[in-house]
Amino acid sequence: MVLVGVSLIVFSLIHLVRGDPVRLALGTRYSQETYDALRHRNGLDLPLVQQYVTWVGRALTGDLGVSFRSGGTVTSLIGERLPATLTLAFAAVFLALLIAVPLGTVSALRPRSFIDRFATVISQIGISVPDFWLAIVLILVFAGTLGWLPTGGYVPLTEDPLGWLERLVLPAVATGVVSGSVLTRFVRSSVLEAMGSDHVRTAQAKGLPERQVFTWHVLRNALLPLVTVTGVQLAYLLSGVVVVEIVFSWPGLGQLALQAVRSRDYPVLQGAILLFALVFLVINLLVDLLYSRIDPRIRR
Amino acid sequence: MRISRTLALAAAGTLLLTACGGGDEVNTGSGGGGSGDNILVAAVSAQPDKFDPHTTSAYPSFQVLENVYDTLVVPNAEDLTMEPSLATDWTTSEDNLTWTFTLRDGVKFHDGSDFDSADVVYSYNRIIDEKLQNSYRFTNVTSIEAPDPQTVVLQLTKPTPNLLALIGAFKGMAILPENAAEDLDLNTEANGTGPFKLASTDANSTELTAFDDYWGGKPKIDGVEFRYITEPTAALTALKAGEVDWTDNVPPQDIESLQDDKEVDLQSTASVDYWYMSMNFDKPPFDDPKVRQAIATAIDRDAVTEAARFGAARPNETAIPEDSFFYYDYAPFEPDVDKAKQLLEEAGVTTPLTMGLMVTDAFPESVTAAQVIASELEPIGIDVKVETLDFATWLDREAKGQFDAFMLSWLGNIDPADFYEQQHITGGSSNYQGYSNPQVDKLLTQASTEVDQDKRKDLYDQAAKMIVDDVSYLYLYNPDVVQAWTPGLQGYQIRADRAINFESVELP
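Going down the list, the protein sequences come from chains A and B. Using my numbering, read the first sequence as starting at 1 and increasing by one per residue. Using my numbering, read the second sequence as starting at 1 and increasing by one per residue.
The hints are simulated quantities; they were obtained by calculation from the structure and are not laboratory data. Among the hints, erroneous ones may be present.
Claimed, not checked - Derived pair list, reagent style EDC-like, types lysine to aspartate or glutamate, alpha-carbon separation capped at 20 Å:
(1) 50/B - 282/B
(2) 339/B - 282/B
(3) 283/B - 345/B
(4) 290/B - 202/B
(5) 385/B - 454/B
(6) 218/B - 317/B
(7) 158/B - 182/B
(8) 131/B - 80/A
(9) 442/B - 461/B
(10) 158/B - 383/B
(11) 131/B - 20/A
(12) 218/B - 33/A
(13) 400/B - 45/A
(14) 465/B - 345/B
(15) 290/B - 383/B
(16) 290/B - 378/B
(17) 50/B - 80/A
(18) 400/B - 295/A
(19) 400/B - 80/A
(20) 283/B - 469/B
(21) 400/B - 33/A
(22) 283/B - 80/A
(23) 50/B - 182/B
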């Protein structure tokens, strides 16, 4: 149901936006005859309703159409870029959690300590620094001056594992640091909140060991909102991180979607947005499932 | 939690596999490139959209196709005059309506089949019959015949002095083997006669391998890898780090400092592209030639060039660059605020006057140029509103005449007809500004069939003078082609038409 709604909105919005894919495809020099022929070939001379019905009919069978721009099928274009996007999104979230959970927890346990102030400053910087700037600095330092890592590109894990890892580090850092900074603040505040709650104080008053209070009463409660936010971050990263992808020549979905917008490549754009909607749905579902595992109250 | 476990496993797997891989990983990857020794790695700014030369219009595709396909004739690297390629010889009839081409002997396609006249007939007819992109180039052609395997005859409706440029200017006019569109998926596959074969392509790079039976002799390198690096700083860093050997994606602001840099070999040459601004002839007061001349007089082209291209361009008040045979030395507008003001006064315009100037973020240099132009028009009482649009919207508004003024460029012009005809002839397909001057129409029409080169140049000179005086286009500059490569790379020639040809390149 949601997907049908999304598809209808996407389809209408895309066709409302100014710009003519045929003119963009033809460049500058062409004749009117050529224009009409290409318009016809792409099915753009049909009524919009008919175009939508045809598209939905095909989409239901898994056929998302053919790109105006490249002539390739939308499913193959997306499929070609999905591994790179998945790799970067999961690596970035992994890195973000690696930064956020320890840093956020420690600063919540020791409020106003040096480490708390340090974490605040670092996450503030992480949030404020523009990702393209961070990305370029990383390239200049680690690929240029030090020469430790390649400037960019992507190789599949199966082809060249070392090359895969080498190329993943910088883009993952560039995206992970930003996500990590957001999550650090989140972890800190939810841990603080849990620490102040009645049941934690009760547990402490009972004289339970500090460690046990923390793992059983604090962390478990603080985890709930963190799962939600991590899910949102992951969904966001899975729909492509355009700027980082461009700077690191990372062939992800963000670049594909951007190129599709620029060239008004409707089939690709529709396919990509449909996929992003699907990703949000699936991640929401996973978050809900995780919730019930963490919080027994949700299980009935 | 699921997440971290997956990644931890992946990371562990990586370490394991690396350990098994042994030590030679380290030696070959001197720059992390991972490609063989004799492969040239070229950093280009974007992925090709497709590899069908007859249906693409994207420059990134032609960067690759230049090395894969051939045309009957090809622009000379020095001055872009047409020279033999798949055709070795051609003659024209007395009335200039019949062109007979003799084809090169012993040419093979990448799949091993022989090239002959049937392939030429097929390729040209494909463009015409399917009304493809370049069908307009055959407007004067009535028939394409192959009396024997080595001969192709083109019949024309009227003399066409620029026929060679029409059929050979770029690889959009490539010769495919007969029935190629049926036998291959031309979007992703290729079968040409050029020095390199298309080996593979994906979202990361496109790889070519040398063609052993190339008619011009096997290339000295084993192959070319085109890597898409959009961010110029990253491309330059990759070049300096030895990951790539060649790039045309040089950050404009770095050009000057790179000239003395020993780590890279930087070269530039004047291109046949030009940047211009144009005003809407249907929108008062821009319909008044005096207003347009006032604006042309107020603009300092040197300042625009410096800001937009960091000096890597040549200011020009006509379209054709200085190195061309058709260059016309004419520069009536000297930057002069007082004179500009006076012209506006004569036109009876009340200032301040507001003018929208439409530019596109697809070409960042035009945004910078427009800002400079805005500051230069302010003193004469014109308030320029720079409108930065995405290219699709920009084109849409241009086509619908919804603008006061716009800025854009024309790329890859070879013949003077490319520079002037459709842009300035009444009702021309690219005459979006709505210019109409019967004298210009007459001169351009006459020039299009004049077979005597000197007479033809004289006609275009006369037309150009009127176009400049009437400010149909306000010409700004010819940008430089700037490319950089690793020191010691031999045999590469930088070209004014931006064609990228690695046929004779040798790696250090």
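Checked hints:
1. Distance check on the hinted pair: residue 50/B and residue 282/B sit about 39 Å apart at the alpha-carbon level, beyond 20 Å; violated.
2. Simply put, residue 339/B and residue 282/B have alpha-carbon atoms about 25 Å apart, too far for the 20 Å limit, and the pair is violated.
3. For the given pair, residue 283/B sits about 18 Å from residue 345/B by alpha-carbon distance, which is consistent with the 20 Å threshold.
4. For the suggested pair residue 290/B and residue 202/B, the alpha carbons sit about 54 Å apart, so the restraint of at most 20 Å is broken.
5. Our distance criterion of 20 Å between C-alpha atoms is broken by residue 385/B and residue 454/B, whose separation comes to about 43 Å.
6. Under the criterion of a C-alpha separation no larger than 20 Å, the hint pairing residue 218/B with residue 317/B is inconsistent with the structure, at around 44 Å.
7. Between residue 158/B and residue 182/B, the direct Cα distance comes to roughly 33 Å. Violation of the 20 Å bound is thereby established for this hinted pair.
8. Using a Cα cut-off of 20 Å, the hinted pair residue 131/B and residue 80/A is violated, with the two alpha carbons roughly 31 Å apart.
9. For the hint pairing residue 442/B with residue 461/B, the CA-to-CA distance comes to about 13 Å; that is within 20 Å, so the pair holds.
10. At roughly 48 Å between alpha-carbon atoms, residue 158/B and residue 383/B are farther apart than 20 Å, so this suggested pair is violated.
11. As the CA atoms of residue 131/B and residue 20/A are separated by approximately 19 Å, the hinted pair is consistent with the 20 Å bound.
12. The straight-line distance between the Cα atoms of residue 218/B and residue 33/A is roughly 41 Å, outside the 20 Å bound, and the hint therefore fails.
13. A threshold of 20 Å between alpha carbons decides the hint, and for residue 400/B with residue 45/A the separation of about 19 Å falls inside it, so the pair holds.
14. For a cut-off of 20 Å, the pair hint linking residue 465/B to residue 345/B is broken: about 24 Å separates their Cα positions.
15. Distance check on the hinted pair: residue 290/B and residue 383/B sit about 17 Å apart at the alpha-carbon level, within 20 Å; holds.
16. Straight-line distance between C-alpha atoms of residue 290/B and residue 378/B comes to about 17 Å, which keeps the hinted pair within the 20 Å bound.
17. Distance check on the hinted pair: residue 50/B and residue 80/A sit about 15 Å apart at the alpha-carbon level, within 20 Å; holds.
18. Between residue 400/B and residue 295/A, the direct Cα distance comes to roughly 60 Å. Violation of the 20 Å bound is thereby established for this hinted pair.
19. With a C-alpha separation of about 37 Å, the suggested pairing of residue 400/B with residue 80/A is violated against the 20 Å cut-off.
20. This hinted pair checks out: residue 283/B and residue 469/B have alpha carbons roughly 19 Å apart, not beyond 20 Å.
21. This hinted pair checks out: residue 400/B and residue 33/A have alpha carbons roughly 19 Å apart, not beyond 20 Å.
22. For the hint pairing residue 283/B with residue 80/A, the CA-to-CA distance comes to about 48 Å; that exceeds 20 Å, so the pair is violated.
23. At roughly 16 Å between alpha-carbon atoms, residue 50/B and residue 182/B fall within 20 Å of each other, so this suggested pair holds.
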